[in-house]
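Q: As a plain string of letters, each chain reads:
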Amino acid sequence: QQQVKQSPQSLIVQKGGISIINCAYENTAFDYFPWYQQFPGKGPALLIAIRPDVSEKKEGRFTISFNKSAKQFSLHIMDSQPGDSATYFCAASENDNAGNMLTFGGGTRLMVKP
Amino acid sequence: NAGVTQTPKFRVLKTGQSMTLLCAQDMNHEYMYWYRQDPGMGLRLIHYSVGEGTTAKGEVPDGYNVSRLKKQNFLLGLESAAPSQTSVYFCASSYSRGWEQFFGPGTRLTVL
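As given, the protein sequences belong to chains A and B, one line each in that order. Heads up: the first sequence begins at 1 in my numbering, then just goes up one per residue. Heads up: the second sequence begins at 1001 in my numbering, then just goes up one per residue.
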């Protein structure tokens, strides 16, 4: 049973457009929600993260929107660029879990067309 | 600073063979993790360690063993490889609870 569900599995966006990736979770104890970016042949790297005390966090062209009541969060990539083409993973964890363990979504493969 | 490194990068095994994957980090991180990545499944935690000499099971530990004899190294062992263990394996480390996890470049393992 996947505790973090991510959609869509793949996404094609034109250069300059907005890419939107959604995640939903079940565990109400989750209180840390990072997004990871992975390029082919590389390991995932932290892109941006949010805690549930805020509803939105923005870093450059990347924004996380968080809806605690709906148990959903999303990544918006504004002015998408071909260099943003990668696989994106949402994740979640409980702050008091001893192992700092992350539960990942299934991933979204983003392609930005020039 | 090499960050997190993994050895080997690629490996092909026959069913029943054994092997060990090595993860090393030079960031003095306490926590280390082994994940496997399969299409559409994201990354799933196999085992993790919160310090030298400690290990714990993650979400999918069956068929794998781990050891953390030195703080900077985390080994993942497959005693009797099965085709279901064909995957890309990632090692990660973090300073402590609540800190970012840094990932290595991965090991692509194929079991025939």
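Wrong hints could be hidden among the right ones.
Unchecked claim - Here chain A is said to cover these stretches of chain B; the calculated rule only asks that three of the stretch's residues, wherever they fall, bring their Cβ under 8 Å from a Cβ of chain A:
| hint | stretch |
| --- | --- |
| 1 | 1017 to 1023 |
| 2 | 1043 to 1056 |
| 3 | 1086 to 1096 |
Simulated from the structure, these hints should not be mistaken for lab results. Glycine included, each C-beta is placed from N, C-alpha and C at the ideal position.
Q: Would you mind marking each hint as holding or not holding in the structure?
A: Results of checking the hints against the structure:
no. : hint         : verdict
1   : 1017 to 1023 : violated (count 0)
2   : 1043 to 1056 : holds (count 6)
3   : 1086 to 1096 : holds (count 4)
Figure legend: structure checked against the earlier numbered hints; the only hint not met is number 1.
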